[in-house]
Amino acid sequence: MLSTMPNIDTKLKLKISGLTRSARIMRAMTFYIPVIILVLLVLTAIFAPWLAPHDPIKVSLLERRLPPAFVEGGSMKYLLGTDSLGRDILSRAIYGARISLSVSLLVIAATAFVGTALGIAAGYLGGRTEAFLMRFTDISMAFPGLVLAMLLSVSIGPGFFTVVLALSILGWAPYARLIRGETLRLRNSDFVAQARINGASAWRIMLIHIFPNVINPLIIVMTMAVGFMILAEAALSYLGIGIPPPDPSWGSMVADGRGDIDRAWWISTFPGILIALVVLSGNFFGDWLRDKMDPRLRQL
Amino acid sequence: MTRFILIRLVQTVIALIGIAVLIFVLVRASGNPIDLLRSATSTPEEIENLQRQLGLDKSNWEQFRIFMFGLVQGDFGESLLKRRPVSTMLGEAIPNSLKLTVPAFVISMLVATALGVFAATRRDSFLDNGVKFVAILGQAVPGFWLAIMAMMLFSVIWGILPTAGMGGPAHYVLPVGTMAFFLLPGMMRLVRSGMLDVLDSEYIKLARIKGLSERIIVWKHAFRNAMIAPLTTAGMIMAGLVMGAVITENIFNWPGMGRLVLEATYARDFPVVQACTLMIGVMVLGMNLLVDIAYAYVDPQIRYQKS
Numbered sequence: 201m202l203s204t205m206p207n208i209d210t211k212l213k214l215k216i217s218g219l220t221r222s223a224r225i226m227r228a229m230t231f232y233i234p235v236i237i238l239v240l241l242v243l244t245a246i247f248a249p250w251l252a253p254h255d256p257i258k259v260s261l262l263e264r265r266l267p268p269a270f271v272e273g274g275s276m277k278y279l280l281g282t283d284s285l286g287r288d289i290l291s292r293a294i295y296g297a298r299i300s301l302s303v304s305l306l307v308i309a310a311t312a313f314v315g316t317a318l319g320i321a322a323g324y325l326g327g328r329t330e331a332f333l334m335r336f337t338d339i340s341m342a343f344p345g346l347v348l349a350m351l352l353s354v355s356i357g358p359g360f361f362t363v364v365l366a367l368s369i370l371g372w373a374p375y376a377r378l379i380r381g382e383t384l385r386l387r388n389s390d391f392v393a394q395a396r397i398n399g400a401s402a403w404r405i406m407l408i409h410i411f412p413n414v415i416n417p418l419i420i421v422m423t424m425a426v427g428f429m430i431l432a433e434a435a436l437s438y439l440g441i442g443i444p445p446p447d448p449s450w451g452s453m454v455a456d457g458r459g460d461i462d463r464a465w466w467i468s469t470f471p472g473i474l475i476a477l478v479v480l481s482g483n484f485f486g487d488w489l490r491d492k493m494d495p496r497l498r499q500l
Numbered sequence: 036m037t038r039f040i041l042i043r044l045v046q047t048v049i050a051l052i053g054i055a056v057l058i059f060v061l062v063r064a065s066g067n068p069i070d071l072l073r074s075a076t077s078t079p080e081e082i083e084n085l086q087r088q089l090g091l092d093k094s095n096w097e098q099f100r101i102f103m104f105g106l107v108q109g110d111f112g113e114s115l116l117k118r119r120p121v122s123t124m125l126g127e128a129i130p131n132s133l134k135l136t137v138p139a140f141v142i143s144m145l146v147a148t149a150l151g152v153f154a155a156t157r158r159d160s161f162l163d164n165g166v167k168f169v170a171i172l173g174q175a176v177p178g179f180w181l182a183i184m185a186m187m188l189f190s191v192i193w194g195i196l197p198t199a200g201m202g203g204p205a206h207y208v209l210p211v212g213t214m215a216f217f218l219l220p221g222m223m224r225l226v227r228s229g230m231l232d233v234l235d236s237e238y239i240k241l242a243r244i245k246g247l248s249e250r251i252i253v254w255k256h257a258f259r260n261a262m263i264a265p266l267t268t269a270g271m272i273m274a275g276l277v278m279g280a281v282i283t284e285n286i287f288n289w290p291g292m293g294r295l296v297l298e299a300t301y302a303r304d305f306p307v308v309q310a311c312t313l314m315i316g317v318m319v320l321g322m323n324l325l326v327d328i329a330y331a332y333v334d335p336q337i338r339y340q341k342s
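Residue numbers (the working numbering), protein chains in the order written: chain W, 201 to 500; chain C, 36 to 342.
Honestly, the hints are just simulated from the structure, not real lab data.
Among the clues, some could well be false.
[Unchecked claim] Which stretches of chain W does chain C cover? Using the computed rule of at least three CB atoms under 8 Å from a CB of chain C, they are:
#1 239–251
#2 461–472
[What the hints assert, rightly or not] Partner residues are not named here, just some residues of chain W that face chain C (Cβ under 8 Å, in silico):
#3 339
#4 397
#5 404
Where a beta carbon is used, it is the ideal one built from N, C-alpha and C, also for glycine.
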């Protein structure tokens, strides 16, 4: 038989019967492992100069394409081997954490700010403002960010802030859409009506009465964006329109090894695994946070 | 309905103009546009010619008018690198891109539908968990990395597939597979969650009470309705296609639009980048327009509410 029971019944049943032991362990694992990985990532980014065994951009032409320590021919000097210019992959990966994290955090801060402001304005003011802002949001969501990134890279040149800008220009749209929805829900509530009766201005209501009530969903979406932004930065850097060389970005490290896959598999492999691990952790943590704080947002 | 289509059409045109304005401003944002538009080897004479040809000695408004007229007539200028009209280059590249994107789209659509529906009807089964796992992993593993790994495995280590380039059927396996990977996880998730929502609804219960067979309930009653919601995310799918095309074509050396635009980006060949941006903008916005119309057609609420 097919299970077509309404969702709510299933949830109730789970609650009553409790989870099995292995399911509970699994659930704990999907929380603790991602959190540990994310904490390690932050610490790595902060303490990169102390952790990295070598200079990440120092070229050593005599030690090109050395295999990692655990492979035959590898040495303990370079634990994960060296790339085609003889740079230490481990050190580059450690410094790469800085780039991944700083780009994604900057982008998330900028987009969350703009998206929230526009979302609250659209939801609360309504009318033409809302129609215009939401149409603008729709277009921004549909426009391929990669194209914009290329356009920016050509016109203002590649670099750290070009990446941040490229990801931010379109990235605010999902926030605006979500926050507008939340604002619509709050707009007709009694406390907003009360504030309006008391003569509060639109500014005051939006800032003091509505904003604090959209913080929860905002934090959830910001957390869920971490993985996405790290992946986006890696993709741009991989394509050569992100962080310019010689600065180590995980994405460009994968690209560095592209021409060497027949003789040095480790150059591309390790940074890719790192990206996947970190993004996976970010997504799991975001899901966990959402389930804890606001299960309503399941659809995201 | 006509009114609705008309309003959407006007909005789409406005958005396109917006993109054109953005490009116009961006060329000039970085200082003198001639630095972007000339090639490194141009002589002062050529620069002056180009300047006159582009009308850069005229006022901003006049320049904008000329720029827009050129676009409307399909005149994107000449590639600085190849010295050929951009429209000819696009005409060669677009069919190659379609040879890659169309099969990838069809394959991932079919696979996503089959797996998504089966996962939803057998909720929490082994298959469902597998689908969820692939979807989660697919959203975290970088596609460009996976493509390189696949190339290493199939072409370098096992030597059963060609590494890159266009050619016989074997040349299609890896690129199409990579492209499909960009689309599959998202599509699968959409089909699954759409099906789950619909299977919960009252009319499915009614269909069951009527004693209809499972096959008819799932494929005729549930599936058709479940596919309406994912329609709105066609924009996301288009973005996936663009991203996938750029990355896949560059990894596998496929002479399509994705490679054209990225190579032009490296060479700072602005006319090509600008034409590709506009083309992609037209495709994405056109797609959204079609989806909006289709959506309004199947769901009258939208037609009335928004127009």
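Going through the hints against the structure:
no.: 1; hint: 239–251; verdict: violated (count 0)
no.: 2; hint: 461–472; verdict: holds (count 7)
no.: 3; hint: 339; verdict: holds (5 Å)
no.: 4; hint: 397; verdict: violated (30 Å)
no.: 5; hint: 404; verdict: violated (31 Å)
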